Structures are given as structure tokens and as C-alpha cells.
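Trainee: Chains A and B are the protein sequences, given in the same order.
Oh and the first sequence: position 118 is 118 in this note's numbering, straight run, nothing missing.
Oh and the second sequence: position 176 is 176 in this note's numbering, straight run, nothing missing.
Just so you know, the hints here were simulated from the structure itself, not pulled from any lab data.
The structure displayed is predicted, hence computed values, not measured ones.
Accuracy of the hints is not assured; some may be wrong.
As the list claims (entries may be wrong) - Derived contacts from chain A toward chain B, CB cut-off under 10 angstroms, selection only:
#1 Arg5
#2 Arg8
#3 Met10
#4 Leu48
#5 Glu50
#6 Glu68
#7 Ala69
#8 Glu70
#9 Asp92
#10 Phe108
Just so you know, even glycine gets a beta-carbon here, dropped at the ideal spot from N, CA and C.
Read off the chains here:
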Amino acid sequence: MPSPRYRREMPQRYRLEAGKCKGCGKIFFPPRLICNKCGSEDFEQVVLPENGKIVTFTIIRVAPAQFEAEVPYAIAIVELENGVRITTQVVDCDTEKLEIGNEVKLVFRKVQEEGKTGIILYGYKAVLA
Amino acid sequence: MVGIIGYGSYIPKFRIKAEQIAHQWGKDAVAIKRGLMLQEKSVPGLDEDTITISVAAAKKALKRCNIDPQEIGALYIGSESHPYAVKPSGTVVGEALGIVPDFHTADLEFACKAGSEGMFIAQALVKAGEVKYAMAIGADTSQGAPADALEFSASAGGSAFIFGEENILAELLFTHSYTTDTPDFWRREGAFYPHHGGRFTGEPAYFKHVQGAAKAILKKSGYKPFDFKYAIFHMPNGKFPLTVGKKLGFTDEQMKPGWVVNLMGNTYSGSSPTGLSATLDVAKPGDLIFMVSFGSGAGSDAFIFKATGKITDVQNKAEKVREMLADDPIYLDYGQYAKFREKIIMNE
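Chain A on its own, in the form it takes in the complex:
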């Protein structure tokens, strides 16, 4: 990921900052400029809750090159306490024991490195709560 884009996305990747439509209340993560429900362009910044439940997940066994060391790993759709759903990796667990409905919390982790000499990209992942 290019450094400018990584920098731009830090508020959501680092601090789970989302956009809440002032017109209809719909929360967008990542934030959007226009609400697809009511068309409003007026948003307020909200921080997503860190706790949620696994809605569904899959186990990655053949990964892209930069994630090969981590296989097998789980990618899940997590529904947070306020109903917002996010896609995230689930770590620090035995993937074979993972179940839909597991309670998780979001933590700050290293997501990938741009090689051994490039920048380190951080963001959120889930662990079992």
C-alpha cells in the first residue's frame, strides 16, 4: 500500500473512526462522503466499539506471499456492538476451534510490512474476547 494512502486511512485503521450520517443515522466504516441511504453529505465522527461477535469466517490456507507465514489464519465478518460489520483477521487462536458467534474484541496489530526495509502497516485485528 502506498504511504500516502496508508497515512490517509490511519483514523479508521488505528482508531476505528467511522462516519455517522447526521441525516439518517447510518454509520459508515470506512467513512464516506455521501450517505447511500438518504443522500446527506453531513457526517459526524464516531468511534466504533471494540467488542463484537463473529458472523461468519473462512480459513485461509493458501495466502498471498506476504501472509504465507501466518497460514492457516481466519478472516471473519464481525458484527460490532453497534451493528456495524467489519471484515478482519482473527488472531491468537486455534483456527480449528473457531465458531460463528464467538465473542471477539478488536486489537491493534501489525497487518503487513512493505518488505524488510519498507514501512510497517498497522491496523485492527480481532482476538477472542
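Place chain B on chain A using the hints.
Mentor: Chain B alone, transformed into the frame defined by chain A:
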């Protein structure tokens, strides 16, 4: 009055037992466990480093005090395993915690006492009135060379402390720092593993500096060892802190609550700070707490804290150190450990 207003620790979920390391290198696990008094140590996940550990510990510290992160005017991170050689860990941690942009930050390094260095500076800035709140973090993902004695102890974890002048949990009564040029342990620029002076790391290094700082702060404060409810000494292994404590006149009962090394290993910059954190988890109002760090090279920072009436209000607001140590760890074999610690040369 300056003191700790929030504290928190983080220990990774992964562990390796001393038997696994001993078996790999044909060493006597029973003798090592008896000699070093280490059962197992924490291992960072593939996606964990000093920055992620710092953020996790700091979030717990923030949970224990109800402050706006934007009011934190200074952030210091002590570690010997900062992920970047050039680019401060404090920038990422400050961004993740929402402290940016109006704050001062610096990465510190002083072997195992970089965390207490941060505490020393943070409290001084608050005391001087330069900042309202200051955060100090000691965190490491330390590396011991394969087959070296350090491999049994070098582990991962960290602790964070927020200093302020209101709603204090533990008042900081006295400090003292004791430093000399002692080449007992070092890592040159670009070297992956550190070197140490074997037995030279004992008497002329650890024991001289810990005792030097401890005796000086006892003299400065007028307190005697029996005045303290708890005492924490840097934990390079299980034996050194208990030995130096006894030499100074402290008892096992005073030291055991903060003696977490047997289950956690030596988290370097996070070692004595995590011992302090584990002690704050159980302290009662009025308890006096004695802490001495040690960093090779070499030096020690000594602190005397007094728990206030607010300590028991916040202890359960975040996960405690002993709870993390007992929370269903994931045990690794040596092969997995070597992969996690990037000891295996991979094809690019």
C-alpha cells in the same frame, strides 16, 4: 503531588516452556529451571512488536483513568526492540491512542531499564508543570541468541504508566538514578542478537547498580526495607531479583507479588514496570512500594510509591497481570517459536 494516575500491562498470548528450549539444545531443563528459576516465557505473535504491545498496555492504562488522551503532553517509549531504527515508535503509538499532534515524544533505549527511564522523565515533566499528563511505556520483544542462556528468558510484553497530579493511584515519593559505564551486555548497530559478559553480568553489573540505587534512595527517603509492603527488582531471571532483595533486607513476601518472571520471562524494558503493574493490581491504600530497575551498560532507576485510596477503585477496570499470565496461553514448540521469532532464514 505527582504520581501514577493510570497503569496497564500487556503480555502476548503465546508461551514456550523452558523444557522445549532445553530439549532443542541438549541442555538439562531441570538444572536450568532450578538455576534460573524460569518455567516458561511469553513469545510475541507474528503480528506483534514493541509498538503493538505499547498500544495494548497503554489502552489499559487509559481504562484505569478517565482522561482525554489529547491532554497527554508527553509520551516516552523505552525499548531495545523498537521496530524502526529511524522513526519513533512514539509516533505510531501516539496516533493509535489519539494523543497526536500536540505532544512531545521520544524513543528511549537503555537495555532493560528504558521503561523506567521513561517513567523518570514523565514524572519530572509533570512535576515541573510542563505537561498535565505524561505517559511512559516500557515494552520489548527481546531476542536471545539460539542456545544462549538468554534464550530461556528473553520474552515479550510491556507496561504503561500515566503520571499526573490529580486522581493519583500511587503517589511518587522519591526517585534516584545510579549509572556507570559497565560493559556487561550490549548489541552493536545492525547486530541481530545481543552479547553479554556471562558472569560479569552479575556482581559488577546487576548487583552493584541495583544495590547502589536501592541504598541511595533508602538513605534519601529515610525508609527501611521493613517499611515497605512490596518490593520489585528488575527480573533478568528468577534468581537475581530475589537474591538482591534479600541482600538489601527485603523478604520473599514483599517481592513475590511483583515477581512475575518465572511465568513471563524477562520482558527487558517491560520487566520491572510489569512487576510494578502486578503489584499495583493487589496494593491497598497506604501501601509503600519499592522499585528498582536495571539496564545493562549499566544503570538502575529507583522509585518509592505510596498507594492512595483510589487504587482499589481502578484495579478491576482492566485485565490484571496475573490474569493475563493465567489466561489460556498458547504453547509453542521450538520450531514454531523459531518461526515466530524469525530465527529461520527464508527464501526472499
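Trainee: Each hint needs a verdict: does it hold in this structure or not?
Mentor: Hint by hint, here is what the structure shows:
Given hint, arginine 5(A) at the interface with chain B, is violated; its Cβ is 15 angstroms from that chain's nearest Cβ, farther than 10 angstroms. Evaluation of the arginine 8(A) hint against chain B yields a violated restraint, the C-beta minimum of about 12 angstroms exceeding 10 angstroms. Contact between methionine 10(A) and chain B, as hinted, is supported at the beta carbon level, the nearest pair being about 6 angstroms apart and thus within 10 angstroms. Interface restraint check for leucine 48(A): the shortest CB-CB distance to chain B comes to about 13 angstroms, outside 10 angstroms, so the restraint is violated.
A least Cβ separation of about 9 angstroms between glutamate 50(A) and chain B falls short of the 10 angstroms threshold, and the interface hint therefore holds. For glutamate 68(A), the shortest C-beta to C-beta distance to chain B is roughly 9 angstroms, which falls under 10 angstroms, so the interface hint holds. Taken as an interface hint, alanine 69(A) checks out: its beta carbon lies about 6 angstroms from the nearest beta carbon of chain B, inside 10 angstroms. Residue-level restraint check for glutamate 70(A) holds (minimum Cβ-Cβ distance to chain B is 6 angstroms; threshold 10 angstroms).
Against a cut-off of 10 angstroms between C-beta atoms, the interface hint on aspartate 92(A) holds, since the closest Cβ of chain B lies about 4 angstroms away. At its closest, the beta carbon of phenylalanine 108(A) sits 4 angstroms from a beta carbon of chain B; the interface hint therefore holds under the 10 angstroms criterion.
Checked against the numbered hints listed earlier, the structure breaks hints 1, 2, 4; every other hint is satisfied.
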